[in-house]
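Peer 1: If you want the building blocks of each chain, they are given just below.
There are 2 protein chains.
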Amino acid sequence: MKTKILHLLILFFFAMVSSHSQAPDKLTLMPWPQDLEVESGFQAIQPGFTLAIQGAGAASRLENASTRFLRYLGDKTGTFLEVGYPLFGQTQNATMIIEIQEEAVLGLDNDESYELEILTDKVSLKAQTDIGALRGLSTLKQLISVQNGAYGFPQVRIKDAPRFPWRGLMLDVSRHFMPVEVVKRNLDAMAFVKLNVLHWHLSDDQGFRVEVKSLPNLHERASDGMYYTQEQIRDIVRYADERGIRVVPEFDVPGHATAILTAYPEYASNLNLRYSLERNSGIFDPTLDPTNEEVYTFLDTLFKEVAPLFPDTYFHIGGDENEGKHWDENSQIQRFMAENEIPDNHELQTYFNIRLEKILNGYGKKLMGWEEIMTPNMPKTALIHSWRGVNEGMEPGESLIKAVKNGYQTILSNGYYIDLMLSVEDHYLVDPMPEQELTEEEQNRILGGEATMWSELVTPLTIDTRVWPRTAAIAERFWSSQEMRDLDDMHRRLKAISLKLEGLGIRHIQVREYLLRNIANYNDTGALRELMQISEPLKIYTRNSGGTQYQVYSPFTLFADACTPDAVDAKPFERAVESYVASSNAADLVVIEEYLGKWGTLYERLLEIEQDAPLVKPILPYAKRIREISTRLLEGLEEGKLRKKDVVDIQDLLKEKDEPSQNLDVELAVKDEILELATFLSDK
Amino acid sequence: MKTKILHLLILFFFAMVSSHSQAPDKLTLMPWPQDLEVESGFQAIQPGFTLAIQGAGAASRLENASTRFLRYLGDKTGTFLEVGYPLFGQTQNATMIIEIQEEAVLGLDNDESYELEILTDKVSLKAQTDIGALRGLSTLKQLISVQNGAYGFPQVRIKDAPRFPWRGLMLDVSRHFMPVEVVKRNLDAMAFVKLNVLHWHLSDDQGFRVEVKSLPNLHERASDGMYYTQEQIRDIVRYADERGIRVVPEFDVPGHATAILTAYPEYASNLNLRYSLERNSGIFDPTLDPTNEEVYTFLDTLFKEVAPLFPDTYFHIGGDENEGKHWDENSQIQRFMAENEIPDNHELQTYFNIRLEKILNGYGKKLMGWEEIMTPNMPKTALIHSWRGVNEGMEPGESLIKAVKNGYQTILSNGYYIDLMLSVEDHYLVDPMPEQELTEEEQNRILGGEATMWSELVTPLTIDTRVWPRTAAIAERFWSSQEMRDLDDMHRRLKAISLKLEGLGIRHIQVREYLLRNIANYNDTGALRELMQISEPLKIYTRNSGGTQYQVYSPFTLFADACTPDAVDAKPFERAVESYVASSNAADLVVIEEYLGKWGTLYERLLEIEQDAPLVKPILPYAKRIREISTRLLEGLEEGKLRKKDVVDIQDLLKEKDEPSQNLDVELAVKDEILELATFLSDK
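Respectively, the protein sequence lines represent chains H and S. Per this note's numbering, residue 1 is the first one in the first sequence, and the count goes up by one each step. Per this note's numbering, residue 1 is the first one in the second sequence, and the count goes up by one each step.
It is possible that some hints are incorrect.
[Said to hold, decoys possible] One-sided and incomplete, this derived list gives chain S residues near chain H with beta-carbon spacing under 7 Å:
{"#": "1", "residue": "78"}
{"#": "2", "residue": "88"}
{"#": "3", "residue": "92"}
{"#": "4", "residue": "94"}
{"#": "5", "residue": "95"}
{"#": "6", "residue": "362"}
{"#": "7", "residue": "364"}
{"#": "8", "residue": "514"}
{"#": "9", "residue": "608"}
{"#": "10", "residue": "612"}
{"#": "11", "residue": "615"}
[Stated by the list, open to error] Below, computed lysine-lysine pairings styled on DSBU-like, alpha-carbon distance capped at 30 Å:
{"#": "12", "chain 1": "S", "residue 1": "657", "chain 2": "H", "residue 2": "76"}
{"#": "13", "chain 1": "H", "residue 1": "598", "chain 2": "S", "residue 2": "76"}
{"#": "14", "chain 1": "H", "residue 1": "657", "chain 2": "H", "residue 2": "624"}
{"#": "15", "chain 1": "S", "residue 1": "213", "chain 2": "H", "residue 2": "213"}
{"#": "16", "chain 1": "H", "residue 1": "76", "chain 2": "S", "residue 2": "624"}
{"#": "17", "chain 1": "S", "residue 1": "184", "chain 2": "H", "residue 2": "213"}
{"#": "18", "chain 1": "H", "residue 1": "141", "chain 2": "S", "residue 2": "617"}
{"#": "19", "chain 1": "H", "residue 1": "624", "chain 2": "S", "residue 2": "76"}
{"#": "20", "chain 1": "S", "residue 1": "539", "chain 2": "H", "residue 2": "76"}
{"#": "21", "chain 1": "H", "residue 1": "598", "chain 2": "S", "residue 2": "598"}
{"#": "22", "chain 1": "H", "residue 1": "617", "chain 2": "S", "residue 2": "617"}
{"#": "23", "chain 1": "H", "residue 1": "184", "chain 2": "S", "residue 2": "76"}
{"#": "24", "chain 1": "H", "residue 1": "304", "chain 2": "S", "residue 2": "213"}
{"#": "25", "chain 1": "S", "residue 1": "304", "chain 2": "H", "residue 2": "617"}
{"#": "26", "chain 1": "H", "residue 1": "539", "chain 2": "S", "residue 2": "184"}
{"#": "27", "chain 1": "S", "residue 1": "304", "chain 2": "H", "residue 2": "213"}
{"#": "28", "chain 1": "S", "residue 1": "495", "chain 2": "H", "residue 2": "617"}
{"#": "29", "chain 1": "H", "residue 1": "495", "chain 2": "S", "residue 2": "617"}
{"#": "30", "chain 1": "H", "residue 1": "76", "chain 2": "S", "residue 2": "184"}
{"#": "31", "chain 1": "H", "residue 1": "366", "chain 2": "H", "residue 2": "380"}
{"#": "32", "chain 1": "S", "residue 1": "598", "chain 2": "H", "residue 2": "184"}
{"#": "33", "chain 1": "H", "residue 1": "617", "chain 2": "S", "residue 2": "141"}
Think of the hints as simulated: they come from the structure by calculation, not from any bench. Every residue gets a Cβ at the ideal spot worked out from N, C-alpha and C, and that includes glycine.
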C-alpha cells in the first residue's frame with residue numbers, strides 16, 4: 001500500500017500549495033480532479049499546435065497515446081494539424097510538452113498522478129510515469145471547449161491523483177458474447193474517465209469464450225462458435241495496456257460451470273446429466289467435482305495455458321453462487337467430506353479454492369474471487385470481491401467490512417451493478433469506504449471498486465447504452481475526492497461527458513435512434529422518442545423474472561432496449577413539479593402543461609404508425625394510460641383542482657401493469673411526480 | 001464459361017414456365033430477381049417458425065447462414081422464436097425447408113441460382129449449391145414486410161440466378177486503414193445485395209497492410225502500426241467464405257510502391273531517395289526496379305507467404321498508373337532495356353508482369369491487373385480490370401472492348417467509382433456489357449464488374465456513408481436483368497434497402513447524425529440537417545485538388561463528410577419544380593414555397609449556434625447565399641414574375657465559390673432546379 005500513502009502525501013501537498021478551485025462551473029471534467037485552479041485565459045487550438053515528449057519518454061505507450069490525442073484533437077475541432085505526430089527530445093518550442101520520469105509496468109502500485117498547466121500559448125503535462133501522463137491526456141481531451149467562437153483549452157492548473165488504485169469495469173462476455181471491437185471501444189471510454197481495470201468475465205453457464213488449445217472442447221463445443229482466439233486476447237490485453245488499463249480474467253468455478261461441463265462432462269459433480277449450454281438466466285446447479293483429482297489436473301492445464309495470456313498478477317476464479325446441490329446428491333462427494341472432516345459445502349469449496357490458489361501461485365498469479373470464497377479457512381492472500389447486498393438479503397457492503405476486518409484486501413461491486421437499470425444517482429452516492437469506522441490499516445485494504453455489466457439482457461448492439469454514461473459517474477467515485485456528492489453538478493457534467501463519448505466510438509446515442517427506427521419500421525420515430533424520454537427499463541431483474549422470459553437468443557431490439565435509466569425528460573419535469581407544488585409558480589405551470597400536452601398526443605401518434613409497425617402494438621396500452629393521466633392532470637390544472645376520484649383513477653392507471661407476455665418491460669419514469677402533482681391538486 | 005451458359009439456359013427455362021411478374025410494386029427487393037410471381041397471400045412470422053436443412057446440407061456454411069437468418073428474423077420483427085437454430089434431416093414439418101444438392105468450393109463457376117416459394121404456411125428454398133441457398137436467404141430477408149399489422153413474408157415464387165459471375169466491391173485499406181469490423185460489416189451488407197467478390201486493395205503509397213513474417217519491415221515500418229495480422233486475414237477470408245464471397249487480394253506493383261520502398265528501399269528504381277509513407281493523394285513516382293533480379297526474389301518471398309492466406313484463384317497485382325519517371329532517369333535501367341531490346345516503359349512493365357505471372361502460377365494463382373497491364377506482349381491468361389474513362393481522357397469502357405476483342409477475360413470498374421461522389425443514377429445506368437456488338441465468345445469474356453471504394457477521403461468512421469446505399473444499385477446491375485433501367489423504381493427500392501442495411505450493422509445513417517452533432521458541438525442540429533439534405537460533397541476529385549489539401553490525418557469530420565451524393569431533398573424539389581414549370585400547378589407551388597421558406601431560415605438558425613460551434617463558421621457564407629436565393633425566388637413566386645436582374649443575381653450566387661481554405665467542399669444539389677425555376681419566372 002505504498003502507493004496509497006504516496007497518494008495521500010501528494011494530496012496533502014496539493015492542499016498546502018493551492019487554494020480551493022474557483023467555482024469553475026463551466027468545466028465538464030469527470031472524474032473531477034483532486035486540485036484545480038482556473039484562470040480566465042484561453043488557448044485557441046491552431047494548425048501549428050505541436051506536442052513534444054521528454055524524459056524517459058520515447059515510451060511507446062505514451063507515444064501512441066499522444067498520437068491518438070492529436071487525432072482526437074483534429075477530429076473533434078476540425079483542425080488541420082500541420083504535425084500529426086509527437087516530437088521527441090529537446091523541443092522546447094513545442095506548444096505542448098509532456099515530461100515523464102519513467103515508463104511503468106502496469107500494476108496495482110502504478111503512480112497515476114500528473115500535473116497539468118495550461119497557459120494561453122503553452123501546455124505542460126508532467127508525471128512520474130507514462131501512466132500518469134495518459135491520465136493527464138484524458139483530462140486534456142475533456143478540457144477542449146469553446147471561447148469566442150474558437151475551440152481551445154481554458155487556462156487551468158491541475159494536480160491530480162486517484163483516490164483508489166483499483167477502478168474497474170467488469171464485462172460479462174459469456175451470457176452474450178462481445179466481439180473484439182466492442183471491448184476495444186469500451187476500453188477507449190474507460191481510459192477517457194480514468195478507469196484502470198477491465199475485469200473480463202470469460203466463462204459462465206452460457207458460454208466459454210477463450211480458445212484453449214490443450215482443451216479444445218472448451219471453445220469448440222461450449223461457445224456457439226463465439227470465442228476469442230488467443231491472438232485476439234493478446235491484442236485486447238495490449239490495447240488495454242496501451243491505455244494504462246490492467247486486464248483481470250475471470251474463469252468462474254466451481255459453479256457457473258455449465259459451459260465447462262458441456263465441453264468436459266467428466267468433471268461434473270453429477271455424472272448422470274447430459275450437459276448443454278444454458279439458454280436461460282439464473283443460478284444453475286452444474287458444478288465441478290472438488291473431490292475428483294482429475295478436476296485439478298484439468299484446471300492446472302487450463303490455467304497453465306491461459307495464465308500467460310494475461311500479464312496481470314490477479315486472476316479471478318469466480319466462486320460465487322455455488323449452492324452445492326449436486327454435491328449433496330453425490331454419495332462419493334459426501335464420503336470424501338466425511339473422510340476428510342470437511343463439515344459443509346462452504347468448507348468443501350474452500351478446500352477447492354486453496355488447491356486452486358496453489359496452482360495459480362505456481363503461475364505467478366494471486367487469486368481473487370467473489371465474496372463467497374471468504375470462509376474461515378480461506379488464506380488471507382486471497383482478494384475478496386464484495387458484491388452481495390439488499391437483493392441477496394444482506395446489508396450493503398457487509399462482506400467488505402468483514403473482509404478488511406479479517407485481514408483480506410477487497411474491492412467493492414455492491415452498489416455498482418449497472419445491469420440493475422438503476423439511476424446513476426444510486427451508484428454515484430455509494431462509496432467504497434464504508435461509514436463504519438475502520439483503522440487506517442483496514443481502510444488501506446479497500447483497493448477500490450468495479451462496475452459490473454452482466455449481460456443476460458445485453459447484446460453487442462445495446463451494451464454501450466447500458467454501460468454509458470452511468471459508469472463515468474462511478475469512475476469519478478473511484479478517482480475523485482470523497483466529498484464530491486453534488487448530484488446536480490454530477491448530472492451537468494455527465495451530460496457533457498456522455499456526448500463526448502461518441503467521439504471515442506461509443507454508440508450509446510446512435511444505437512437508441514436505430515432501435516427506434518426499427519421499432520417504427522422506418523416510419524416517423526417522433527412519438528416513440530418522446531415516450532422513450534420518460535420511460536425506463538424495469539429495474540432490479542424484474543424484466544426477466546424467472547430468467548426464462550428472455551433467453552440468450554431472444555430479440556433485444558424492443559422498446560425496453562431503447563430505453564435507459566435516467567430517462568432524459570424525468571429530471572426537468574421533476575424540477576418543475578417540485579417547484580410548482582412549493583410556489584405555484586406560473587413559469588413551472590407552463591413547463592408542466594407543455595409536457596402533459598405532449599404526452600397526451602403520443603397514443604394517437606403511435607396509432608398512426610402502428611399498422612405498419614408491429615413492434616409498436618405492445619406499446620399502445622401504455623401510451624393510452626399516459627394519455628389518460630395527462631388529460632386528467634391538464635383538466636385539473638385548468639380548473640385549479642382535481643377531484644378525489646380523478647386522483648384514485650390516476651393512481652390506478654399508474655399501478656396498472658402491461659401484459660408480461662407483451663414484453664414491454666418499461667416503467668414510467670415520472671410516476672412519482674405525477675402522483676405528487678395529483679395529490680397537490682386534490683388537496684387544494 | 002460453362003456457368004454462363006448454364007445461367008442462360010436456366011433463364012430461358014424460367015422465361016418459358018412462368019408469366020411475367022404481376023406488378024409487385026410494393027416489394028423492395030434489390031437486386032430484383034430474374035423471375036418473380038406474387039400472390040395475395042401472406043405468411044405472418046410466428047414464434048413457432050422453424051427452419052430445416054435437407055440434402056448435402058449439414059454444410060456448415062449453410063448452417064451458419066441459417067442461424068444468422070433466424071437471428072435477423074427475430075431481431076427485425078421482435079419475434080421470440082422458440083427454436084433459434086436450424087434443424088437437420090427429414091423434418092418435413094418445419095415451416096421452412098432448405099434443400100441443396102452440394103456444398104460448393106467458392107469460385108468463379110459456382111452455381112448461385114435458387115428457387116424460393118412462399119405459401120401462407122410454408123417456405124421452400126431449393127438450390128443446387130449452398131451458395132445458391134445463401135442468395136435465397138438474402139432475398140428472404142429483404143422480403144420481410146408488414147400486412148395487417150404483422151410482420152411476415154408475402155406469398156411469392158422466385159426463380160433467380162445472377163447475370164454476371166463476378167460482382168465485386170473493392171475496398172482500399174491503404175489510404176485509410178479499415179479495421180476488421182469495418183470489413184466484416186461491409187461483407188454482411190455485400191451478401192445482403194448478393195455481391196460475391198471482395199477486392200481488397202492492401203498496399204499502396206500510403207501504407208502496406210498485411211503482416212509478412214518473412215519481410216517484417218513491410219508491416220513494421222510501412223503501416224503506421226495499422227495492418228492485418230495473418231490471423232485477421234484468415235478470419236476475414238473465412239467470414240467472407242461463410243457468406244459466399246470470394247476475396248481477391250491486391251498488392252499494387254511496380255508503381256504505387258512508396259510503402260514497399262519505405263520498408264525495402266533497396267528495390268527502388270531511384271536508389272538515391274529516402275522513402276517514407278506518402279501522406280498526400282495522387283500519383284507518385286516511387287517504383288520497383290524491374291531490372292533488378294533481387295526484386296523478383298523479394299516478390300517471390302512476398303507472394304509465397306501471402307498467397308496461401310487467400311484461397312481464391314485470382315491475385316491482383318495492380319500495375320496501374322506507373323509513369324516510369326524513375327525508369328527514365330536510371331541509366332542502368334536504360335542500359336538493360338537497350339540490351340534486351342525492350343522498346344519502351346510499357347514493354348518493360350510487361351516484362352515485369354510476365355515474370356510475376358510465372359511466380360504467381362507457381363503458387364496456383366491467376367494474375368489480374370488494372371488495364372495498363374494490357375500491352376501487346378501480355379499473355380492472354382491475365383484478367384484485365386478495366387477502369388479508365390472520361391477522367392483519364394478515354395472513352396468509357398474502351399479498354400473493356402479492347403480486352404475482349406484481344407482475347408482477355410475482363411471486369412469493369414469504369415462507371416462504378418463510388419469515390420467520385422456521383423449520383424447513384426450515374427452508376428446504375430452503366431452496364432458491363434457495352435453497346436457495341438460483340439460475339440458471344442467476346443461477351444462471355446466479360447465476367448462482371450466491381451464498385452471501387454478508394455479511401456483518400458474516407459475513414460473507418462465515414463466509409464459506410466460512401467459505400468452505401470449506392471453500391472446496392474450497382475449490385476443490381478451485376479445481378480439482375482439488363483432491362484432493369486427504371487430510375488424511379490430503383491430509387492423507391494434503394495430507399496428501403498438503405499434503411500434495412502442498418503439491421504446488418506451498417507452505420508451510414510447513424511454516422512451522419514453523429515457528425516452533425518459534433519459539428520454543432522452538441523447544440524441543435526436541425527438547421528445543419530436540413531442544409532445537409534440539399535448539399536453534396538464536391539464531385540470527381542475536386543474536393544482534394546492537388547491531393548494536398550487533405551492529408552491522411554486531416555480531419556474527416558467536416559460538413560462535407562456528413563453530406564453524401566443524392567441529397568435527400570433534391571429529388572422531391574426537382575419533381576415539384578419540373579411539374580410546376582410544366583403546369584403551374586398550385587400543389588407544386590406549395591411544395592416549392594415550403595422548401596424555399598425553410599432554406600431561407602437556415603442562415604439565421606446556424607448563426608444562433610455558431611458562437612458555440614466553431615465548425616459551423618465555414619458553412620455560414622454558403623447558408624447566407626442560400627437564404628438570398630430563397631428570398632428572391634419566394635418574392636418572385638409571390639409576384640408571379642422575377643426581374644432579369646434577380647435572375648442574374650441568382651446565377652451569380654450559385655456560381656460563387658466558398659473559400660477553398662475553409663474546406664466546406666460541398667455543392668448545392670438543387671442548383672439546376674433553382675436556375676430552372678428562376679428562368680421560368682423571368683420568362684413569364
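Peer 1: Next step is simple, just say for each hint if it's right about the structure.
Peer 2: Against the structure, the hints come out as follows:
1. 78: Because about 5 Å separates residue 78 (chain S) from the closest Cβ in chain H, which is inside the 7 Å limit, the hint holds.
2. 88: Given a least distance of 16 Å, the restraint on residue 88 (chain S) is violated.
3. 92: For residue 92 (chain S), the interface hint is violated, since the closest Cβ of chain H sits about 24 Å away, which is over 7 Å.
4. 94: violated (17 Å)
5. 95: violated (17 Å)
6. 362: Violated, because the Cβ-Cβ distance from residue 362 (chain S) to chain H comes to roughly 29 Å (cut-off 7 Å).
7. 364: violated (26 Å)
8. 514: holds (6 Å)
9. 608: violated (13 Å)
10. 612: At 5 Å from the nearest chain H Cβ, residue 612 (chain S) passes the 7 Å test, so the hint holds.
11. 615: holds (5 Å)
12. S:657 / H:76: holds (26 Å)
13. H:598 / S:76: Answer holds: residue 598 (chain H) to residue 76 (chain S) is near 29 Å, not above 30 Å.
14. H:657 / H:624: holds (12 Å)
15. S:213 / H:213: Holds, at about 22 Å.
16. H:76 / S:624: Distance ~25 Å between residue 76 (chain H) and residue 624 (chain S) Cα, so the pair holds.
17. S:184 / H:213: holds (25 Å)
18. H:141 / S:617: Since the Cα atoms of residue 141 (chain H) and residue 617 (chain S) sit roughly 22 Å apart, the hinted pair holds (cutoff 30 Å).
19. H:624 / S:76: holds (25 Å)
20. S:539 / H:76: With a Cα-Cα distance of about 25 Å, the restraint between residue 539 (chain S) and residue 76 (chain H) holds, given a limit of 30 Å.
21. H:598 / S:598: Status holds; Cα separation ~24 Å.
22. H:617 / S:617: violated (44 Å)
23. H:184 / S:76: This hinted pair holds, its Cα atoms lying about 26 Å apart.
24. H:304 / S:213: holds (27 Å)
25. S:304 / H:617: violated (59 Å)
26. H:539 / S:184: violated (35 Å)
27. S:304 / H:213: Within the cut-off at roughly 27 Å; holds.
28. S:495 / H:617: holds (25 Å)
29. H:495 / S:617: holds (25 Å)
30. H:76 / S:184: Holds: residue 76 (chain H) and residue 184 (chain S) sit about 26 Å apart, inside 30 Å.
31. H:366 / H:380: holds (11 Å)
32. S:598 / H:184: violated (42 Å)
33. H:617 / S:141: holds (22 Å)
In this structure, the hints that do not hold are numbers 2, 3, 4, 5, 6, 7, 9, 22, 25, 26 and 32, in rising order.
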